[in-house]
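Chains as they are written, first to last, in the numbering used here: chain F, 17 to 161; chain H, 17 to 161; chain V, 21 to 423; chain L, 21 to 423.
Hints listed in this document are in silico derivations from the structure and should not be mistaken for laboratory results.
A hint or two may mislead.
[As the list claims (entries may be wrong)] Under the rule of at most 20 angstroms between Cα atoms (straight-line distance), these lysine-lysine pairs were calculated in the PhoX-like manner: (1) K136/V - K125/V; (2) K81/L - K217/L; (3) K55/V - K45/V; (4) K92/F - K105/F; (5) K92/H - K61/H; (6) K140/V - K125/V; (7) K61/H - K105/H; (8) K55/L - K45/V; (9) K105/F - K94/F; (10) K45/L - K140/V; (11) K55/V - K45/L; (12) K249/V - K117/L; (13) K136/L - K249/V; (14) K97/H - K61/H; (15) K140/L - K249/V; (16) K117/V - K140/L; (17) K61/F - K97/F; (18) K198/V - K136/V; (19) K136/V - K249/L; (20) K125/V - K81/V; (21) K140/V - K249/L; (22) K92/H - K105/H; (23) K55/V - K55/L; (24) K140/V - K217/L; (25) K198/L - K217/L; (26) K243/V - K217/V.
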Amino acid sequence: MAMIYSEKVMDHFSNPRNVGEIPDADAVGEVGNAVCGDIMKMYLKIEDDVIVDVKFKTFGCGAAIATSSMATELIKGKTIKEALELTNKAVVEALDGLPPAKLHCSVLAEEAVKSAIADYYRRQGREIDFDIGCDGHCDACHNHH
Amino acid sequence: MAMIYSEKVMDHFSNPRNVGEIPDADAVGEVGNAVCGDIMKMYLKIEDDVIVDVKFKTFGCGAAIATSSMATELIKGKTIKEALELTNKAVVEALDGLPPAKLHCSVLAEEAVKSAIADYYRRQGREIDFDIGCDGHCDACHNHH
Amino acid sequence: MADSEKKSARFVYADNAATTQVSPKVLEAMLPYFKDKYGNPSSLYSLSREAAEAVEDARAKIAELLGARPNEIYFTASGSEADNWAVKGAARANMAKGRHIVTSKIEHHAVLHTCKALEKEGFEVTYLDVDSDGLVDPEEFREALRSDTILATVMYANNEIGTVQPISELAAIARERKIPFFTDAVQAVGNLPVDVKELGVDMLALSGHKINAPKGIGALYIKNGTRIKSLIDGGGQERGRRAGTENVPYIVGLARALEIAVARIPELERVRMMRDRLIDGILSTIPHSRLNGSREKRLPGNVNIAFEFIEGESLVLLLDSAGIAASTGSACSTASLEPSHVLLAIGLPHEKAHGSLRLSISHETTEEDVDYILEKLPPIVERLRAMSPLYEDFLRGKQVHST
Amino acid sequence: MADSEKKSARFVYADNAATTQVSPKVLEAMLPYFKDKYGNPSSLYSLSREAAEAVEDARAKIAELLGARPNEIYFTASGSEADNWAVKGAARANMAKGRHIVTSKIEHHAVLHTCKALEKEGFEVTYLDVDSDGLVDPEEFREALRSDTILATVMYANNEIGTVQPISELAAIARERKIPFFTDAVQAVGNLPVDVKELGVDMLALSGHKINAPKGIGALYIKNGTRIKSLIDGGGQERGRRAGTENVPYIVGLARALEIAVARIPELERVRMMRDRLIDGILSTIPHSRLNGSREKRLPGNVNIAFEFIEGESLVLLLDSAGIAASTGSACSTASLEPSHVLLAIGLPHEKAHGSLRLSISHETTEEDVDYILEKLPPIVERLRAMSPLYEDFLRGKQVHST
Ligand SMILES: Cc1ncc(COP(=O)(O)O)c(C=O)c1O
Ligand SMILES: Cc1ncc(COP(=O)(O)O)c(C=O)c1O
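Please build the complete structure, drawing on both the sequences and the hints.
Rendered as C-alpha cells:
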C-alpha cells in the first residue's frame, strides 16, 4: 500500500528546515548506513550547553528527511539536556504520525541527535552517560515487518 | 457454464414433435432411469416393417426432450432396418450439435429407438440381432466429465 | 434490458441467489477508479494515494458493517476464493496440531470440493449430516470435534434451500474447544444481520455479486490472531497476506453495496411475505410438490420446491421462455448431471431431487412478479408432466420408478 | 483528471509498468455486463446465455491473439493468481515425479514468494543467477535441470529493469527434458509479440491492468495435456479448474484490451525511440547515473536508472510534486525497506539499489512528456544530492559508504 504521509510529513519533506552543513560545528553525529537505506548526519553549534544552531543532511526516504527536519526544529534553541530527552515518539507526534513501516526513521532521528551530542561530550572529554542507540546494523534500528 | 443449445435444439425442446402415447402401439421401448435424470419411452406403430407412427414421452433435460423429438422425426416413415441404422451422431447432427455434457442424451435417443424395435422383435418372436445398448446404469449411458 | 429479456410480456428475475445486477449507485461509486483514479495503490505518488485511501476507506466501512476491525478484512476475487483461502489456509497453517476438519454435507462446492482436495493432501474430513430441513445438529457437531480437529466450517445460509444454521451456537461449541470456526456467509450477508463478534466466528466469507456488487469480488474476515496461510503469495498487498494489485473499483463497489444492503435488511420483511405467498401459492395449486428446506429458518428470498415426475432443466428453460429466470439446484453444477448434493442430503430421492426449482427473490421483486410466477408456473409443470413417462406410470397407478 | 493531477503544470504518467488507466473502449465493452447482461454464466436461461457467450467469445479472442486454443485459456483474478496457480498447481500435480523447481533470482514476487512457500512444503528450488543485464544464461539453465525437476519458470520480461529473456530457447531446453515450462508474461504481453506455440511454453500468465484493462483480471494459458492442480476449488467454472462466478465484465474487458494492445505493437517503435531519448538524455545530463538492465533486450517502454548518493522514495515523491508519476523498484515492495531483489541480482550494491528510478512509458506518452521529464529530473536529483551526506562525503573525496 502506498505510504500515506500526513501533511506535516509532506511539508517537512518538501521544505525541509535546517538542511545543510555547519563547517565549524561543535559536534557532528551520523547514524544509519547506506545498506539500510537511511543515513542521517547532524551538525550542532553549541553555546553554554544550548544548541544555537543545527543542520542536517540525510540520505533516505521521505520520512527520513521529514523526521530529520522535525528533529532539528525540536532541538534548536534547547539545552543539551532537553535535546537528550527528545524521543522518537515526540518526533512522530510532532509530524502528526508516521506509517508503521516508517517508524524506524523517527528512531533514527532520535539517535542522530544523541550521536551528535555524544560527539560533543567526547570533544569535551565528558563521560557519555546516555544510550546512543543504533549500532549501525540494519536489524537493530529497523523494525521490519 | 450455461448450456448453450442450438436453435434447432431449442425448437425441438419448445415444440417437441410426436409427444404422446400410442395406446395400441406395436412396440414400446423405455431407456434410462429417474436416478440418472433421463427416461425416454418410445411407442411405435409398425406396418410391413415400416414405422408408420411414433410417439414419445420423456422425463429429462432440454436436450433429452429435443433428441427424443428429433429421433422420432428421423425414424417416422422409415423401415425398421433404416431405423436401426440411426446413430446418436445423426441425431446430434440433425440438431446442429449438442453441448458436450449433453451428448449422452443423443445416445439415449438412439437406444430408445433400438429398445422399441427390440420389443417389436420380441413380440414377433424374431431374434434380436443388434445391440440394445444401455443397460440401465447411469455410468453406462452417461459420459460424465 | 438485454434482448432476451424483451421476448416475453414480462421479465421476472427470480435468481438472485445465483447473482444480482450491479446497482446504479454501486456502478457510480466504481467508475472514477477505472478512468481517473487509476493509480496502483502500492505506488508512492498522489494518484496512487487516492487509490490506496479508497481501498482503506472501503475496508474500514466493511469492517464497521460486520462488527470487525479494518485490519481483519481482506479482499478476495470471489466468495470461492475466500472459502478456499479460509479452509486451505487454516488447515495448512495448523497441520502440526492435527489434520481433522469438520464440515457439513450441504456446504457450497467452494468449501466441499476444497475439503475433498485437502483429503488428497492427507487431511481427514467429517461431513455432518443435516436433518430434513437442512439443519446441522449442534450436538452432533460437538461430538464430531476431536482433539486433532483443526478447523470447523459450517455455512451460514444455504444457497439452494435457504436454510439458516445456528452459527453462533456452533461457533461457541468450537470456541470452547479452541477450534477455529469458519462460516461461508455468502448467502447470508445482506439478507440477515451479520456481526462477526456476535456470531463468534474466527473467519467469515462474503461475495459481492450476491448483493448488487459485481461478480469477481469477495472478502474474508480473519479475526486477529487466527493462524492462516496465504492462498496467493507475492506482493505485499492486503498486509502481505493476499497478493495481487488491488481491484480498486470493485473494492469500492463492494463497500458501497454492503452499506446499501445492510441498511435495507429491515425492509426484507416485505420480501419474506412475498416468499411465503409464493410458497403457499405453489404448494396449493400444484399437486405432488413439496417445499425443500426449513419453513422458518429460511432466507427471506428463498423458495425451493420439488415437483415430482419432471426434471429441473426443462422446467427452467420453459420458465425462461415465459420470461422467468430461475434455477434448479446450484447454478454452479447445472452443467453436470449430478442431482444437487444438498437435496440428497436432506433426504430427497434422486428422481425428486432432479425436479427441484429454486426461485430467489429480492427487494426488487414486486407483487406483480409474484402474481406472474404463480400464473405461469402451474401450466408449465403440467405441460412437462404431460410428456413425462413417470407421470404416465403414476397415473396408471403403477409404482414410481426407482432403482 | 484526479485532483492530485491538477496541482502541477503538467501530469506525466510514467508508471505504466505498475498499472495503466482503463481505456474508454475497454470500459465501453464492459459496461453492459454490469447493468443489463448481468446473468450468471452458469445459469440456464437466456440472460445467462448472453453472459456465457460473452465469456466464451472473450476466451476465443484471447486464444487467437496468443496462438492458443480456446480451451487452453483460463481466467484468473490477477497476474499474481495466475503465477500462483501455475507454479503451485504444476508443482503439486507432479510431486510424485520429483520436487525440484528451477527459476531465476529476478522473478516477480508472485513467483518468488510462491517458490518460497513451496520450499516450506518440501520442494527444492534453484534460483538461477542473472548477468549484469539481468539475463538468464541458457547453459546455466540447462545445467540446473535435474532428473527430479518438475517445473521450470522464467519470466518473459522483467517488471523492474525491462530485460527480455530468451524464452523460446529456455522452453526448448526444458521441452527436451520433458519438464513443464511456465513463463510470467505479465510485462511482455502487449509490449512484445507473444505466441505460445512459437515460444513453446506450457503455461503463460498475463494480467489485464498492464494493458489498459482493469486491475483484478488475468489469464493463464495452460497447454492441453499439462498436469496442474487447481488453486481455487469449487463450482464447475473454467471447465472445473478454477471456481468462482465469472467476472464477466472484466473478462470481456480483458479480451478487448488485449485485442487493442496486440494491434498496437507495431506502433511501439515510437515508444522505443522515446525510451532511448529518455535514457540518453538522463545519462548525459546527470552524472553518477547508470542504466539498469539490458540496453538492447529491453521492453520498449522501460527506463531504469540508478542515481548514486540518493534514495528512490524521496526521488519519486519529489517527481510527484512536479507532476511526474514514477516508481522505484517494484511497486509491490515499496512499503518494505528491502532494496529491490532484481537490482541486487544484477550486481548493484545496496546503496545504489536504493537510488533507482523506473520510468515506464507507453503509447500514450508524448514527446512533450519526455521533454518534461528531462527538464524536471536533473534539478530534483541535484536537490536530493545537495542534502545527501553520501554526496558530501563523495565530494570531499572520501570513500563512498559501504559495509
Ligand atoms: C512480472 C509481473 N508478474 C506478476 C505481476 C502481478 O500481476 P497482478 O498485479 O495482476 O497480480 C506483475 C505486476 O504487478 C508483474 O509485473
Ligand atoms: C454459499 C455460497 N458460497 C460461495 C459461493 C461462491 O461465490 P462466488 O461466486 O463469488 O465465487 C456462492 C455463490 O456462488 C454461494 O452461494
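Hint check:
1. Between the alpha carbons of K136/V and K125/V the distance comes to roughly 12 angstroms, so the proposed pair stays at or under 20 angstroms and holds.
2. Proposed proximity of K81/L and K217/L is supported: the alpha carbons are some 16 angstroms apart, at most 20 angstroms.
3. For the hint pairing K55/V with K45/V, the CA-to-CA distance comes to about 17 angstroms; that is within 20 angstroms, so the pair holds.
4. With a C-alpha separation of about 18 angstroms, the suggested pairing of K92/F with K105/F holds against the 20 angstroms cut-off.
5. Distance check on the hinted pair: K92/H and K61/H sit about 10 angstroms apart at the alpha-carbon level, within 20 angstroms; holds.
6. Pair hint K140/V plus K125/V holds up; C-alpha atoms about 18 angstroms apart against a cutoff of 20 angstroms.
7. The hinted pair formed by K61/H and K105/H fails the criterion: a straight-line CA distance of about 24 angstroms is larger than 20 angstroms.
8. A threshold of 20 angstroms between alpha carbons decides the hint, and for K55/L with K45/V the separation of about 11 angstroms falls inside it, so the pair holds.
9. Using a Cα cut-off of 20 angstroms, the hinted pair K105/F and K94/F holds, with the two alpha carbons roughly 18 angstroms apart.
10. Distance restraint check for K45/L and K140/V: the Cα-Cα separation of roughly 45 angstroms exceeds the 20 angstroms cut-off, and the hinted pair is therefore not satisfied.
11. Simply put, K55/V and K45/L have alpha-carbon atoms about 11 angstroms apart, close enough for the 20 angstroms limit, and the pair holds.
12. Restraint check for K249/V and K117/L: the C-alpha separation of about 25 angstroms exceeds 20 angstroms, so the hint is violated.
13. As the CA atoms of K136/L and K249/V are separated by approximately 13 angstroms, the hinted pair is consistent with the 20 angstroms bound.
14. With a CA separation close to 15 angstroms, the supplied pair K97/H and K61/H stays within the 20 angstroms bound.
15. Pair hint K140/L plus K249/V holds up; C-alpha atoms about 11 angstroms apart against a cutoff of 20 angstroms.
16. A threshold of 20 angstroms between alpha carbons decides the hint, and for K117/V with K140/L the separation of about 17 angstroms falls inside it, so the pair holds.
17. Annotation: proposed proximity of K61/F to K97/F holds, straight-line Cα distance about 15 angstroms (limit 20 angstroms).
18. At most 20 angstroms may separate the alpha-carbon atoms for a hinted pair to count; K198/V and K136/V exceed this at roughly 24 angstroms.
19. Proposed proximity of K136/V and K249/L is supported: the alpha carbons are some 13 angstroms apart, at most 20 angstroms.
20. Between K125/V and K81/V the alpha-carbon distance is near 34 angstroms, which puts this suggested pair outside the 20 angstroms criterion.
21. Restraint check for K140/V and K249/L: the C-alpha separation of about 11 angstroms stays at or below 20 angstroms, so the hint holds.
22. For the hint linking K92/H to K105/H, the alpha-carbon distance of about 18 angstroms falls within 20 angstroms, and the restraint holds.
23. With a C-alpha separation of about 18 angstroms, the suggested pairing of K55/V with K55/L holds against the 20 angstroms cut-off.
24. Of the pairs offered as hints, the one joining K140/V and K217/L is violated, with about 33 angstroms between alpha carbons and a cut-off of 20 angstroms exceeded.
25. Taken as a hint, the K198/L and K217/L pair is honoured in the structure, with Cα atoms around 16 angstroms apart against an allowance of 20 angstroms.
26. The straight-line distance between the Cα atoms of K243/V and K217/V is roughly 9 angstroms, inside the 20 angstroms bound, and the hint therefore holds.
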